[in-house]
Amino acid sequence: MNYLVIEGFKEAAEEFIKESGLDEFQEVKSLDLGSIEYRLKVRQAIQMGKIDSAITELNNYDPEILDNNPEVYFHLKLQEFLEKIRSFQTTKDNTTGDNNDSEVVIERIMEAIEFARENLAPIAQEQAGGRFLEELEDAMGLLASEMGANWPTLG
645 MNYLVIEGFK
655 EAAEEFIKES
665 GLDEFQEVKS
675 LDLGSIEYRL
685 KVRQAIQMGK
695 IDSAITELNN
705 YDPEILDNNP
715 EVYFHLKLQE
725 FLEKIRSFQT
735 TKDNTTGDNN
745 DSEVVIERIM
755 EAIEFARENL
765 APIAQEQAGG
775 RFLEELEDAM
785 GLLASEMGAN
795 WPTLG
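Counted the way the numbering used here counts, the sequence shown spans residues 645 to 799.
For the record, the hints were derived by calculation from the structure and aren't laboratory data.
Model, not experiment: these values are computed from the prediction.
Be aware that one or more of the hints could be misleading.
The calculated lysine-lysine pairs, modelled on BS3-like cross-linking and capped at a C-alpha distance of 30 Å, are [unchecked claim]: (1) Lys694 with Lys662; (2) Lys685 with Lys728; (3) Lys728 with Lys694; (4) Lys662 with Lys685.
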């Protein structure tokens, strides 16, 4: 049953409950099958790299969910940062090699750094024991690696 709910098979879950006679049990009555639609929207948004949409859907479902789960919020913002890094490859693939392209790449890199400074660093610093700090450091290492691969040659 959990599999059906988690994976987003609402109709299958409803049918399973009905055919198995589980609708009489309190545990099944407390299942929120309506949350399946939100789960699917959130999952699809994340898979498409639309992290802001995923955060909006989560807040629409439960306005306190991210406040009560800082780990989820941090990881969503971390994924947004990783999507910014991933976009460097698209930028690199679409450049023609002139100075304007170099400026675009530098601008994207600086935007990613600013995003990490404003959105990730404060969360990582707030958490006791620095449990997010290592993940942030890994992501920044990935950014440094991408910078080395994509930094335009000026000259």
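Hint-by-hint comparison with the structure:
1. A distance of roughly 36 Å separates the Cα atoms of Lys694 and Lys662; the hinted pair therefore is violated under the 30 Å criterion.
2. With a CA separation close to 21 Å, the supplied pair Lys685 and Lys728 stays within the 30 Å bound.
3. Simply put, Lys728 and Lys694 have alpha-carbon atoms about 11 Å apart, close enough for the 30 Å limit, and the pair holds.
4. Our distance criterion of 30 Å between C-alpha atoms is met by Lys662 and Lys685, whose separation comes to about 25 Å.
Taken one by one, the earlier hints fail for this structure only at number 1.
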